[in-house]
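Visitor: Residue-level listing of the chains:
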Amino acid sequence: MSRSGERRMRAGTWATLGASVLAAVGCIFAVSAATAANGAQADAGQRVPWADIGRPATRSEIQAWDIDVRADFKGLPPGSGSVSDGEAIWDAQCASCHGTFGESNEVFTPIVGGTTKQDIETGHVANLKRADFPQRSTMMKLPTVSTLWDYIRRAMPWNAPKSLSPDEVYAVTAYILNLADVVPDDFVLNERNIVDVQKRLPNRNGMSFYEPMWRVDGKPDVLAQACMSDCPVDAARLAAAGLPEHARNAHGNLMAQTRIIGPVRGADTTQPPRSTLDAAELVAMAEATMLATVPQQRKPEDLAREANCMACHALDTKMVGPSFREVGAKYAARPGAAELLVGRVKNGTSGVWGDVPMPANAAIADDDIRVIVNWILENRG
Amino acid sequence: MNDSFDAPGAPVDGRAVRVSGRIRPAPENVLSAEELARARRARRSFMGKALAMGAGAGAAAAKAVAGPLESSGPREAIGVEGPGDKAILELPPHTTGLGQPVAARGYGVPSQWERNLQRRESPGLTRVSASSVSFAPLQGMFGIITPNGLHFERHHQGWWDIDPSRHRLMINGLVREARVFTMDDLMRLPSVSRIHFIECGANTGMEWGNPAVPTVQYTHGMLSCCEFTGVLLSTLLDLCGFDRKHGRYVLAEGADGSSMTRTIPMERALDDVIVAWGMNGEMLRPENGYPLRLVVPGVQGVSWVKYLRRIEVGDKPWFTKDETVHYVDLMPDGQHRQYTSIQEVKSVITTPSGGQVLLDKGYYNVTGLAWSGRGRIKRVDVSFDGGRNWRTARLGNLVLPKALTRFSIDWVWDGSPAVLQSRAIDETGAVQPKINELRAVRGTRSIYHNNAIQSWRVADSGEVFNVQVW
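Sequence lines, in order, name chains A and B.
Take 1 as the starting number for the first sequence in this note's numbering and just add one per residue.
Take 1 as the starting number for the second sequence in this note's numbering and just add one per residue.
Accuracy of the hints is not assured; some may be wrong.
Claimed, not checked - Reference listing, derived: stretches of chain A covered by chain B, where coverage requires no fewer than 3 residues with Cβ under 8 Å from a Cβ of chain B:
| hint | segment |
| --- | --- |
| 1 | 100 to 110 |
| 2 | 120 to 134 |
What the hints assert, rightly or not - Residues of chain A clear of chain B, computed beta-carbon distances all greater than 10 Å:
| hint | residue |
| --- | --- |
| 3 | Lys318 |
| 4 | Ser323 |
| 5 | Glu326 |
| 6 | Leu340 |
These are calculated hints, taken from the structure and not from any lab test.
Keep in mind that this is a model prediction, so the values were computed, not measured.
The beta-carbon is built from N, C-alpha and C at its ideal position, and this holds for glycine as well.
Excised from the complex, chain A in its bound form (with noise of 0.2 Å):
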């Protein structure tokens, strides 16, 4: 087991870090301790008040739970599998979304493409410096094959994801493998060789670690300055153009994306840009075209409760008026009890159940009125 060449890989990519966290080590009891003291309670070196919440955790739930596979392969399960066995797999489980191949763009970007016999030499993906290159596939990214066996094991398939028996990991990584050509057809993954696959990584030089946007105090490598005035600026930049006019409606109708009262509206994109300002038609337009997108459809009993029905009556109790259901299983056989009853609500009624008589509802909407007689008959108890 040979894992020179990964700690070389590494050595380089993360020793200023390396440094940086033992600087950071030094002060870390220092800031423990503020934290403590955020609690109020708890004075150097006793013990918290609250030491004892929580519990053990069994070596069994350790084992269920702590399942990820570190770049220098710790937590790596043994197994092994065929790249024909991942292949199998593969089209079973993977193919639909992926592609026969790993080279599908319709659900997720590509798995596989873009590196070459020449990558797994250098390890570097050549490709990643041209700007007019298509893609980025995840071969042509990955620097660490444990990464690729983690997120197998942890997230896939996509709807029954940790599915996939260690074995069937090794398999389907395998699989993957040998599509980008870095493992033969009859190859055999197992936790042994994986260290020696690493080593053929196409992209396994193409990491480096970037300190200042990873410790909060470091320095951003664009420096601006804050002119003030009569500040250098690309005059023709000025008028430079913004969206094409072909996608002007791409993200649909902006007029309705934007509030319908304040110091602007939403730009109505289903119409070329407004060559004037006219305040008054552009506040009309956009009030009606929020009216016209369709409100969440409401349920019976919130039109009920909305339109007050509720004062007085209630679903099962009889309060001023006579409970719902008493009102449905009077009615509900009744022919014609739907528009009875609709115009008994709209118009008001007196003397059917008692003294008090139902005032007329001439502001609720008659569809509404509707919605809410057929919930009563429906609800005859």
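With chain A held as given, fit chain B onto it using these hints.
Guide: Coordinates of chain B only, in the frame set by chain A:
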């Protein structure tokens, strides 16, 4: 509000009840039975008279409006000549009818008139909506807090509404004792509530090459800011006795299908990272990780692992999928920058902004948001001429570290074309760069960490367009 005042009471027996204080007891509680009966009689008599006086009262009112009272006392404005606004002259149903009862909506929802403001996907950005993003409508928000229902979403394998009584958090790895916490356990611990922004590392990522999307919702809407409540991760790590010598990193892992994993340096973990259940005073929304998520202030959203189930302490970084294949920044030389986590200083004008139309010439309170993953916002400058001249904006009352900061500035639009920009400076002195300055170093293909100055061009028609000016 301790000032006492005289509340004019209902006429009772010819007298107005004058009671000092905020709460005026109902008459039946202060009057004897006899006084109450007298008051009722008087009220009936009063109303009868009022009805009889109907027409005459109208005439009297008209006279009162016709001219100023001949008095040396304070004078009320009487208004100008003109027909008047129907919205005032014709009383609407809500003024003349009965409104909704309490608890008509057990959980309140926004007004029906606000339905234009929704989280939205950007068409064509992703192919599968369970692994996608919805953008927050920044163009319609006020202050610095994002309403929970409008918080942006990013799901890697769909969202869940998890039974909180069955949710567990495990802390394992380089600790004295691996421990398991229920939600009951966690919510008993000392907690903090802090306001922080969360921004996806890919926010504004579509704009690296050219203007690609029309509004601030799509250019900057993978951004939200909430008050989060939870226990500091340091409290939990202390409780489990983490290995202070070798424990240099933690891995956060989610309980959903994607089981998102991200490496966080111990230095961050012990600083201000929160294991949070609360969000703006209520529990987290399911779309935002209910019942438990990690809050990693200043760091890109992908590290704020939702449905948090496990924290592992380790001595090396993990190189997870979202640290190697995604959330890596491609540089012009073909190398990817890895572990670019901090969200650098950034700002954007939200009113007016792309896709909007100014209603008229004249005064505008131009306003927007500024933030930095490295600390507080120190200053925001705004330009109306595409960056040639700048003025310093006002900052809102709350200027908190690693939180959105609201800025605003006066502007009188004269009706001619203008290019609006904002430029934030944080407390470390870092100045928000222009897009060409970013491109000179990072090229156009890095996807992540575009913190460039945003330009909005106002046309003479009042319409605002997303452009790139430098």
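Visitor: Report the numbers of all earlier hints that the structure fails to satisfy, in ascending order.
Guide: none
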